Structures are given as structure tokens and as C-alpha cells.
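Since the structure of chain A is provided, determine the placement of chains B and C on it from the hints.
Residue numbers (the working numbering), protein chains in the order written: chain A, 27 to 129; chain B, 407 to 906; chain C, 3 to 670.
Because the hints were derived from the structure by calculation, they are not lab data. Remember, predicted model here, so these are calculated numbers, not experimental data. Please note that a few of the clues may not be correct.
Said to hold, decoys possible - Among chain B residues calculated to face chain A with C-beta under 10 Å, some are: (1) T555; (2) V580; (3) L582; (4) Y583; (5) T595; (6) W833; (7) V835; (8) I836.
As the list claims (entries may be wrong) - Simulated pairs of lysine to aspartate or glutamate, EDC-like, Cα-Cα distance not exceeding 16 Å: (9) K562(B) <-> D118(A); (10) K128(A) <-> E782(B); (11) K559(B) <-> E516(B).
A virtual CB, placed ideally from N, CA and C, is assigned to each residue, including glycine.
Here's the letter readout for the chains.
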Amino acid sequence: MTVGLEHYLVLAAVLFCIGLYGALTRRNAVVILMCIEIMLNAVNLTLIAFSRYVVPQLLTGQVFAIFVMVVAAAEVAVGVAIILAIYRGLTDIDVNNINLLKW
Amino acid sequence: MNPIIFNLEKLPDWFGVLPEIILLVFAALVIILDLFVSQKKILAAVSLIGIIASGALSLGFWGTELSFFNGLILTDSFAVFFKLLFLGVSFLIVLASEDYVNSFRRLQGEYYALLLLATTGMMLMAGAGDITTVYVSLELTGISLYALTGFLKDRKSTEAALKYLLLGAIASAVLLYGLALIFGITGKTGLGEIARAVQAQLSGSASVSPALFLGLVLLIAGFGFKIASIPFHMWVPDVYEGAPTTVTAFLSVASKAAGFAIIMRVITSVFAAPDWLARDWATVFAVLSVLTMTAANIVAIPQSNIKRMLGYSSIAQAGYLMVGLAALGSSPFPGALAGMSPAQSGVLFFLASYAFTNLGAFTAITIIAQKIGSDEIADYAGMGRRSPLLALALTFCLVSLIGIPPASGFMAKFYIFRAAVQADLLWLVIIAVINSVISAYYYLRVVKVMWLESPPSAEKVPSSALPTVSLAVSCLGVLALGTIPGLIMKLAEMVNQFMP
Amino acid sequence: MTIPYQCIWLIMLLPLAAFIANGLFLRPWVKKQSPAYGYVTIIAIAASAALAIWALLSVMRTEDHVIPVPDVSWAVIEGGVSIHLGIIMDQLSALMAVVVSVISLTVQIYSLGYMAHDEAGYYRYYTFMSLFTFAMLGLSLSDNLLFTFVFWELVGLCSYLLIGFWYHKKSAADAAKKAFIVTRIGDFGFLAGILILYLNTGTFDIARLHELAVTGVLTGTVLMWAAIGLFAGAIGKSAQFPLHVWLPDAMEGPTPVSALIHSATMVCAGVFLVARTMPLFVFSQPAITLVAVIGGFTAIFAATMGLTANDIKRVLAYSTISQIGYMMLGLGSVGMTLAGEITSGALHAGTEELLIITKGAVAIGMFHLFTHAFFKALLFMGAGSVSHATGTFDMRLMGGLRRAMPWTYATFLIGSLSLAGIWPLAGFWSKDEILAGAFRAQPVLFALALITVFLTAFYMFRAIFMTFHGAYRGGAHEAGHEHGHLHESPWIMVAPLVFLAVMAVIAGWWNLNGDFNRFFAHEAEAQGFVSFFTVFAHRVDGMPLAPVSLIVAILGIFSAYAVYIRRWVTAETLGKVFRPLYLLFVNKYYFDRLYEDIIVRQLLMRGLFRAFAWFDRNGVDGAVDAVAETVIEGGQTLRRIQTGQLQLYGLFIGIGVVIIAICVIFFG
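Pulled out of the complex, with its shape left as it was, chain A reads as follows (with noise of 0.2 Å):
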């Protein structure tokens, strides 16, 4: 059996479930942020498996997938920073004991 188009973007969509249900999941601050990461990089997967298949002339899915990874390092840095900071004052990062603002 040859890997086909449909076998990256199936693992993709598993990959971004996965993401995507780790985020609403987890209560650590850090792993949300990395679950977020995972939902990235399976869109990664998708464009460069597009790129390959669809428009194999082409680079743009690969140079697209290189901005997304660019972005994704400097949103990273900018969490971390406010999670530390919530750190500061909290001593805690249990996103459930982080609802002061509510209704």
C-alpha cells in the first residue's frame, strides 16, 4: 500500500482533535499551550501534504507552514511569559483556580 494524500490529512484531523480536546482538558496552563501547539502543527501537516500532492510545482504550502511555525514560537514565548506571571501572583497554574473574572 502506497501513502496517499488522504493518509496525511486523516492523521492530521486526528492530530488537531487530539489538540484541540487536550486544550479544553488539561488544567495545566503549560500543557494547554502545548496541546495548542499540537492543533499547529497537525495544520503544518495538512499544508505541506496539500502542497506535496496538489501544487507539487509549487512551495507554498511548505513557506506557509514555515510562517505558522515562526508565529507559533513567538505566541509560545508571549504564553509563557503570562503564565509566569500568573505564577508570580498565584503560586499556581490550575487554569480551574483561574476565575476571578466571571459572569
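Quick look at chains B and C alone, frame taken from chain A:
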């Protein structure tokens, strides 16, 4: 349907992003200056100069139809309209921040720099001609705003920043997945190319492929987060309450306008044909709009914190704006999307009106909060006697949010509702009008507290020069748009020529 | 040179600028009592008066007596309603603009002296006055009924504010309220008229409506009810029977206000409105007949009440009502004649010509409006000058003022002679025209008008004899006010009086040889007019009108002389002999009683309102409360979803995706 995009070889590519480059340079300059100058007001002045310079350059692109970097960046009138809107908003925000930044003690340079960066991101969003630009500019705006939200560094502020960041990241991952699917189906990244490919694929067929369907759904969800449509709105009240007031103002105005700009770039233009596809997303916007208006207005009623209340109010306003998007998609005139559509000019007018109105309201709140140190509506008692002009300005802005003439909110709603009626969406307009009536309840409650209840102390509420100027400009804008709407409507109609 | 159209805009915008300058920019820096407010207003209105006169001269010089003015679009909505703010500059609006701005200018100058001692200060007064002038000019110049209505309401508001200027006095506050409510009844008709017109024609534009009426598109009952609706507005604003009750009470306002608003300009707005929409009336015979009848009846009806009033301003107020009745009669009678000719087919004219003739039919009524404005403003300001000296308006407390106040006396006398219609003063010429018009149209109306001439002369000279002749009876008795020393008013008050007195003499000469009529009606009906002296030899349908009316007027003056100076018959004796009539006049025909006691108190308050209150408490309130409570409860419940839990929010994003998908699948 197919406007000619000139590729003038004489213009170098960097020329197309000159306004954004200027803003970036000034952002860097502000950070560097922050290290040397002790008089922090200079930073505000430098930022203002940058904004003006960038605005002047943007204005130069009015009426042109140029594209740069092989179509990554477009500089048409649509883009210029929004760029000027964003620059105008950040100009007024910088003015209004004069006193407020003192509560940050350190890092004032970063505050202004981040504001400029967020503005840059929004400007790129307005001029995006490619899905890569869409994503990168969206994230540039987003990340700057996450940092700004946490700027106060107290518990509420950091909590708001964390919520905004995590939810924003999830939403943008969802959006990105949608973009990837669209790319996969069409094999293109340019918005114009995608539009043509979609049209070619769908011509003759009566339904979308599952992948395109999923892509479109995810796109709407991702942008729905940006414009705070229910049910993607949950971050809004928390973030608005926790963020520094000036940042809240910026979020509620510029960020939302940017969301609508990008929706009009990506969804309403690219998926405009065939007609049944346009009606599909129009239905989505109609349903979301009903949910958004109704739920937001009802939940706004019991709020006691004015920032939170205005958060729900801004969600409701997004609901009215989506009435315009629904009208845009279900317009009965063939080719209405190609330009000269009353729905699109209505949305643009509403955004301009809403920008002035909400900025005015938030500036007034910022000034008042400086003095009384509270955002609770109950603490606004007797504001009419303590500071009549301030209370009057706030009242005027709230009246505009309800949509009562002569304030601009009336004309804005009028234009949008009228377009919706023309598009056979009378039922939607009726729901929207009922919602406007409900909304009067919580807006007027603030007015009542300010004017009819007795103040806890007779102390005046002082306001410094620059925030007052900002407030006055906003109120004049509201009045001008409300009394001479013909002028700005003409501009909005000129913008209509846009197509990718 | 012809006036550029931008300057025509300035005519109405300058007073608005003065209003804004006074209200917004001057107030924070200048104290309330400063005359600076007055100067700003006076300068703006003087400029506007100069421009108005220029505009009038330009209109007279142009061929078709219209200067085109480009519209300003107020709201552009493609393919739908487009609302334009436009102005007309033709004979009618030019004349009205001149009257309003010139009278306003003299009143503002006079007020500098009159209001000098007022604690409330110049600020409020001049701010309102400039707003009023703006609104009144806007009303005169507007080219569509919608904006006419807006300005109409605005002058009503100014009138309300200025009647109640001394709002701490209960009588003033009550009078303001009364004026507002009573005119509102008429405005209801006005609005209904506008709506009838709009729904049937789709336009507010006055010129367009004229065309539709003349070409016969707009006709029958629609036109009749629309015209009657407009006339209802005119009845309210111009204090015609049966809505006349507010004007005498409105005299509670400062006297210059009465001079400007309640005699010369605003109350004439009703006449102006009818004149502006004259073609609509001419093509509806019932409506134009109603105008003539109401006008003729009001003229004599108000004059009788003027006979017994003791307050000098009230005498003038009744006189104003009566004179406006005259103007209505002038419009109505000419219109009736014309309408008769059209229906009987005696008039053969093309559409274009017909339009000019019908619009020109307003000449006689407008001419009386023009002359009346000068002498009535003069009389009011004279009365103000008198009270400035005596501290009262009650004529029973005056007397013998002619020696102490020679200027006031002389100008007041000229005004009264003019009003009574004595040759060769202004009132004579304009009143003569109306009598002639009535004579041609309907002999009964003519008889009413002729009796009114006698009554007018009588009550005006009764006022003069009671005020200026005989011995001084001591002025106001209020504590702390010493008015023992009588004095002439300061020059700033006398100068406007003199100017107006000159105008009260010469204003009527405009129509010598029919110049004024020719201006309005082009060449169409400019025959049979007279020069300065030949007027007495002129006969209308075989009747020497001018000598007759002059004799009647002199008879009126002589009767007043007989009763109040010579006392051959005393007023008391007359009162006893004609007791029933006397009581009727003194009690103002019991109209106040009818309106206030019977209609308002018994019928409305006891009956209707009580029923409403019951329904409101038990029906409406209950329902509204229930809905409001449901909404508030809903809010309380829904907000609980916002738990502050980050991941719940994230879950909602997922739910949202599902909602969108469902939308597309099931509804799309």
C-alpha cells in the same frame, strides 16, 4: 467582477507597505527612546507623529487598485478606509492614555510600541491579498493585544491576558485549519485566485464538497472569535473587564473593525459566487446575528461593572453588524457584491460610527476611573453634578449606542437595516429593532444613575487636556456622522469598488 | 448685481451662528449679564437683514422673480428616500425674510435698553432670540414641507421658551404651557396634512406640489383634507378662531418678545404657510372658503374682545389676532374669486400661467402682513416703553403720559393711525386692498370687515386716550417700585421706535400704481390700481371703497374721543346699557372657561384620563412588567454560563463550529 489589478513595475514592492514600515520604525524608535528620555510624554508625542506620518502615506493610496509582493498586499480604497480608521482610533487612544499610562510606572515605551504594532497588524489585515498575509497579520495583531491586555500586571489583568491568549490561539488554530483546507481544494493562496477557482469548481453544481464546506465553517468560526460573535464571545466580557481601560477601548473598536475588514476581504468577497454559496454563509451570519444580539443584550442588563456591560454591548453591536453581512450575502440584486452594494457601505458606515461612539464612551470611563478608582456603575451616581461635561459626553455616546438621532448610531443602524430590508430580511430587522429597545434599558440605566442619583461626594472629576481632546473629537465625530451622514456615506460607497 | 446663492444660505445661517456663539462659546467666558451677547446677536442679524434686503432687490430685478439655489443633500440613500435641505428664493420668501430680519434687528436693538435691568441677564434672552430668528428665517426659506414643519416646531419651541422667560412667575409658566399645548392641536393637523400629501404624491417639495395641484393630478377630497390640515396648523400658530386663546396669555413674555414673535413674525407664520401653499387652496374651493370665513370671523371676533381689555398688551394682542384674521380674509377672498373663476371656466390660462396667477393671489394678504409687521411691532415696543416708565401694563393706572414721553406718544400715535387705516399711512393701503377683495368675493365678509374697521379704530384710540391723555393715575403700586417720576425711555429704545414709525408711514406706498401686486403676480393682474391721490376717486364694482372705509375709521376714532375724552357718554353707561355684550367681551366669549373647565377638567380629566389611568395601571403596566421581568431574569440566568472557566469558553468555540455547520446544512 474582474477588476484589473495593475502591476506597475515602476513601484518597488516595499512601497506598498510603506505606511506599515513607518509605523514599525516608530514602534522601535519609541522603545529605544524609552531607555534615554525621562519625560515620558515624549514617547506619546513620537507615537502620534508616527501615526500621522503613516496616515498621510496611506491616504496617498486612495482610489488606486495596486497590488504588491505578487498580490500578497493590496492597496485599494477599501484598505485605505480601514487603515485610516485604525490609525484614527490608535491616535485617539494614545491621546486618551496620557494619564492612564502613569499606572504602569515602568514600560510605557512598550505600551506605545505594542499599540503601534497592533495597529500595523490591523493595517496589514485590511490590505491582505493572500491567506498567508491574512494569518500573519492576524497573529501580529493578536500577540500585541495579548501582551497589552496583561499590562496592568494585577491578578485580573494577567488572568484576562491568559484567557485571551489561550482562547485566541485555539481560535486561530481553527481558522488556520480552515485556511489550509481552502488552500488544499484550490491549490492557491491568493484571495483573487481562490475566488476564481471556487467559482470554477462550483459552477454548474448545487452543493459544496465536504472539504470546502468544512473550510468555510472553520473560517467563519475563526473570524467569529475576532468579531466576538456568540458563541465565540466568551472571552470578551472577561478580557474587557480585566484589561487596562484604554486597551479595552482599542480592543472593542479597532480589533472588531479589523475582524469585519478581514471577513469582507476573505468571506464575503471570495465566496460571493455562485449565488447559493453566498446565501449559505448569509444564513449563517443571520443566525449568528440573532443569537449574538439577543443573548448579549439580555446578559448586559444585570451587569454592574461598566466595562463588562460595554463588553456585552460591543458583542450586541457586532450582532447588528452581522445583519449587514447577512444582507450582503442574500442581496437579491445579481452582482451586488461586485460593488455599490448598500449593505457593504452600511457596514463601513456602522464601523466608523461605532468607532467614534465606543471610543468616546471608553475615554469618558477612563477619565472617570482615574478619579473615582472604580468601574462600578453604582459609583457613577451624581456624575452629572460632579462633572457635567464628562457625563454629558458619556450620555451622548450611550444614546448613540442605543441608536437615537441626532447621534450617529441612528443613521448607522438605519443604513444597515435598510439594506437588510431590501435583501428580504425583514424578520431579521424586526428582531434587531426589538433588541435595540431592550438595549436601551441598560444604557439608560447608566444615564439615570449619572443624572438622577445624588453623588457620594461633591468633588469634581478633573480631566487632563489630551484625554479631553480625545473625548471631544469622538463626540464631534458621533455628532457629525449623525447629522451629515451623506458625506461619509459617499466615501463608503467609493470603497465599494473593491474585489480581490 | 444679483445675490450669490451662498449669501442666501447665510441669511438663515448667521443667526444660527450667533446662537451657537452665544450658547456655546461665549457663555463660559462672559458673565450672563454682559451686553456682549446682545452685540453678537445684533451684528449677526444686521448682516442677515442686509443680505435679505439684497436678496429682495435681486429677486425684484430678475425676470421671473426667482433665484435658483442649489440643494444640499442631507442624507444620501441611493434608490430610496432622499432628503434634501433646500431653499426657495422667490417673492414670498424674500419678502418674509426681509420682514423677519428687519423687525428682529430693531427688536434686538430695543431689547438692549429694555432688558438692561433684568437679573436673568442678556444671555438666555439673546440666545433664544437668535435661535428664534434662525428658525423663523428657515421657515420662510425652506423649499419642502418637511423642513418647514421642523422649523415650524422650532419657532414654537422658542416661543414657549420666551413666553416662559420669567419662568418663576406662575402666570408666565402657565401661559407658556398653554401656548405650547394649544398650538400643538393645530400642528397635529399640519402634520396630518403633510402626511396626506406625501402619501399621495411621494414628495415634500413645495414647488412640485404646486405643479401637481395646478395640473389637476392632486385633486378632490385628498387635496381638500390636505389643505384643511395645513390650515389647521395655520389656525393654531396664527391664533385664529377657535385656537385663539393662547395669544393674549402669551403677553406674559417680555415685551420685545411679544413685538417680534407674537405680533410681527411667528404668528404670521400661519398666513405665510397658507400663502406658500396657495395653489393647493385655490384648487380646493371648500378649503379656500374656510380660510376666508375663519379669517373674516376672527377679525371681528377678536376686535370685540379688544374693546374691553384693560391691559395695553392684551389690547394689542387682540388687535393682532384680528389683523391676522384680515390677512387670512385677504388670502381667502382673492382665492375664492379665483377658485370660482376656475370652476366656472371663466379663466382661460395655460398651466404655466395658472401657476403664476394662483401663486400671485397671495399678494393682498402678504401686503397686509408686510405693513402690519412694522406698525404692530411699533405699537408693542411703544407699550413696552410705556411700561418701562410706569412699571405696569394696566391702562387704568396710566394716563397723561404724552407730556412726559413725547417720542413714545408720537410714534404710538402714528402706529395707531396706521393700524386704524388712516390715509396716507401704510395700514390704509393694505387694508383697502383686503376690503376690495372681500367686496368682490362675498358681501357678508365685506360687512364684517367694515365693522372691524370701526372697532379697530375705536379700541386703538381708547388705548391712546387712556394711556397718554388725561391725568396720570400713578403707575404700578407694587412695594419697592417708585414710579412717581415719569421719564422718556433711553435713546436705544426710542431709535427703533422712530425707525418703525417711518416705516409705518411709508411701507404702504410700495403698492402705489399696483407695484407690489405686479411684483407678486408678474403682469397678470396689474390693472385698476391707483396712485397717491386718485385712490378716492377709484371705484370697486361701482362702490367708492376708499372714502367709505376712511370715514368709518374716522368715525371710530371720533367715538373713542367722545367716550374717553369728552365723556359725552361714559364707558360705564355703555357697559350698563349693553351689559350682556359687555360681559361676553370681558369674559372672552367664555372660551377659556369652555376649554379649561368643561373640556379639560370635566371631560378629559374626570372621564377619559381616569379611564386611561385605570387601563394603564391594570393592563399595560402588568404586561410591561411581566415582559421586563422575564428579560431581566433571563439575563440573570444566562450570565451564569460565563463561569470564568477558560476551558468552558474554549468548548463554546467547538459548539459554535457545530452551530455553523448545522446552519449551512439545514438552512443553507
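Okay, the hints, checked on the actual structure:
no., hint, in the structure
1, T555, "9 Å, holds"
2, V580, "8 Å, holds"
3, L582, "5 Å, holds"
4, Y583, "5 Å, holds"
5, T595, "5 Å, holds"
6, W833, "31 Å, violated"
7, V835, "31 Å, violated"
8, I836, "30 Å, violated"
9, K562(B) <-> D118(A), "15 Å, holds"
10, K128(A) <-> E782(B), "15 Å, holds"
11, K559(B) <-> E516(B), "14 Å, holds"
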